[in-house]
Each structure stands twice: as C-alpha cells, then as structure tokens.
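Participant: In order, the protein sequences belong to chains Z and W.
The first sequence stops at residue 141 when you use this note's numbering, and every number in between is there.
The second sequence stops at residue 1122 when you use this note's numbering, and every number in between is there.
Just so you know, the hints here were simulated from the structure itself, not pulled from any lab data.
We put the beta carbon where it would ideally sit given N, CA and C, even for glycine.
Be careful, since some hints might not be right.
[Claimed, not checked] Among the chain Z residues that face chain W by a calculated CB cut under 8 Å, a handful are: (1) L7; (2) L8; (3) L11; (4) Y100.
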Amino acid sequence: MKTNNVLLHTLSRVVTLIILIFSVYLFFAGHNNPGGGFIGGLMTASALMLMYLTFDFSKIKKALPINFTSFIAAGLLFAIGTGFASTLFGFPYLTQFFDYYQLPILGEVELTTALPFDLGVYLVVVGIALTIILTIAEDDK
Amino acid sequence: MNASVMSEVIASILILIGTALSLLSAFGLIRLPDLYTRSHAATKSATLGVLCVLLGTFFYFWLAEGFLSIRLLLGIFFVFLTAPVAGHLICRAAYRSKVELTKETVQDDLKEVLEKGEKGRA
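Turn these sequences into a full structure, and let the hints guide you.
Facilitator: Right under this line is the structure:
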C-alpha cells in the first residue's frame, strides 16, 4: 500500500539538518571536549540513514550519487598521509604538530595535524556504516 | 537571595516537576487500556517531563556557573520536535496493522476512510 506521510517527510528534513550540524560540531569538539571522528562519523551516518528511511531508497540514490565505499579509501589515505607528512621533515612516523593562529573571524585557533587524522577516521566510519546498512538494504534485489 | 541559591531553587523546582511528570507518564503506561491511550500518556507527559529536567539543568549551569549550554537548548528543541512525531508514527503503524481499539471506543472515523481508499484502489 502506497502511503503519504507528510508529517514524517517534513520533520526529517529539519531534523537531518540539525543532526548534520551537530555531527560537525562533535567532530571539531573532539580535541578538548567529548566528541571526535568516530562519534561524529556515526552521527553523520545516522542523519543520512534517516533520509534513506524517510524517502525512497532510489530517490536518495539519485539525490546523493555517492559511492560510500570510496569514503573508506579516502579516509585511510588521509590517515596515512598525515603519518607520512611528518616523516618528510625527518620526524618519526605520525609525529603531531600544533600551533596557534589568528584567523579572521574565529580569533585565536589551535590547528593541529591531529585534525586531518581525525578526518580520516570520520570518513572511514561514515563509509563503513553506510556501506554495511545499504548493502543489507539492497539484498532483496 | 543570592544567585547560587536562586539557581538551585529554580533548577530543583523544574527538575522535580519533570520527574513527577515522567512518573505520571509511567503510571499512564501501566494503567491505560490500549495502545493509543498509552501512547497519549507516553508521548505528551514524558516529553514535557524531559523538557522540564533539561530546562532545570540548563538554568542551573547558567545561573550557578555562568555556562550557557547551547547543547541543552538544542536538545530541548530536538526532543520537542521529534518525540510527538515518533508517537504519531507508532500509532499510525499500529492502526494500519489493525491493532484493536479499546472496548470503550465510541467512534472510529479513520476506518471508513481507509476502507474507502482500499475499495477505490481495487
């Protein structure tokens, strides 16, 4: 039976936006507060899952033509790349650097090389979670 | 009355109200006869209870420690938005899988509409 649930459709548009913003917040808060790449990636994956649950699978496939398997490869490359970047300057593998910068709007910001590594974790988590769930969802074809 | 006493009074009143409402909603879950009345008890009073507890926490940290937690406000907004819709979805799924209404039911308008829709499709 084809149903038309306007309430769910309207709500999930708003809620997905909030969850995506909160996942980005968690990702950046990870250095000094609870949060980080893992939990941020899971939140992003759950926001996308809400879209997949609310709307049709094929519709979201058309709106987001992304192969989430490539996220895993990109994330691993980020993590390995930050590790090898320190060896280029003669430091041991995965040495961490940080410094304080004055950015135009944000003021004084601490930028570290742990952030690209965390971005790698984030991408791997999003990729793996969505690949697992979507593979199971597509199983009946 | 200084700020820390006031913050404790406001926070404790709000948190106590929230706890009492959550307790009432739990009693409603036990006492009410069918799924639809139970979801009426569970979604409304439990949502308001959680909102009161979160608001009490928010006021405590704001007045006592000067920490304005945006996450708590966002949590209030989020629970306020999603909990009724979750109740709506559960009731809708239950009605469409033909969970029976309680015996005291007088009128069921949705039944006629759904039957008409099924006939129109067939």
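Participant: Take the hints in turn and mark each one as holding or not.
Facilitator: To see whether the hints hold, each was checked on the structure:
no.	hint	in the structure
1	L7	holds (6 Å)
2	L8	holds (6 Å)
3	L11	holds (5 Å)
4	Y100	violated (24 Å)
Against the hints set out earlier in the document, a violation occurs for number 4 only.
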